[in-house]
Amino acid sequence: MRLQGSWAAPRQAAPKIPKVREHAQLTMTDGAVLIGYVFVEATSRIQDVLNGETQFIPFIDENEEILLLNKASIMQVRPFDT
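For the sequence shown, the residue numbers in this note's numbering are 21 to 102.
Each hint should be verified, as a subset may be incorrect.
Here are the in silico distance ranges between beta carbons for each label pair [unchecked claim]: (1) Glu73 with Val53: 24 to 34 Å; (2) Asp101 with Asp81: 13 to 23 Å; (3) Pro30 with Glu82: 12 to 22 Å; (4) Ala33 with Arg98: 32 to 42 Å; (5) Gln75 with Lys36: 15 to 25 Å; (6) Ile80 with Lys36: 13 to 23 Å; (7) Met95 with Glu61: 21 to 31 Å.
Because the hints were derived from the structure by calculation, they are not lab data.
We put the CB at the ideal spot given by N, CA and C, even for glycine.
Required output: the full structure, derived from the provided sequences and hints.
Pasting the structure below:
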């Protein structure tokens, strides 16, 4: 007896785009000021991350603590020149 059915190749994961740290100062809606790094794709800008679909962005502060920030809580972003 022969089994019939369809066979599909496993889906390939999308290629990963390297991320880089962008040094910036963030002012939050509660007045807190955070200085650290926003992760962006190597071909993107901080503005692209803020306008993206995700609700939270990863941020590393000056003490190397990893924070997930709600974009709605960010009032101002000042990138530092590199």
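For the range 12 to 22 Å, tell me whether the beta carbons of Pro30 and Glu82 fit it or not.
Once the Cβ atoms are compared, 43 Å apart, the range 12 to 22 Å for Glu82 and Pro30 is violated.
Against the range 24 to 34 Å, how does the distance between the Cβ atoms of Glu73 and Val53 compare: consistent or not?
holds (26 Å)
I want to verify a distance hint. Is the separation of the beta carbons of Ala33 and Arg98 within 32 to 42 Å?
holds (35 Å)
Determine whether the Cβ-Cβ distance between Met95 and Glu61 falls within the hinted range of 21 to 31 Å.
holds (24 Å)
Per the hint of 15 to 25 Å, is the separation of the Cβ atoms of Gln75 and Lys36 within bounds?
holds (21 Å)
Taking 13 to 23 Å as the stated bounds, is the beta-carbon spacing between Asp101 and Asp81 within them?
holds (20 Å)
Could one say that the CB atoms of Ile80 and Lys36 fall in the range 13 to 23 Å?
Hint holds: Cβ distance 19 Å, inside 13 to 23 Å.
Hint check: a violation occurs at hint 3 only; the rest are consistent with the structure.
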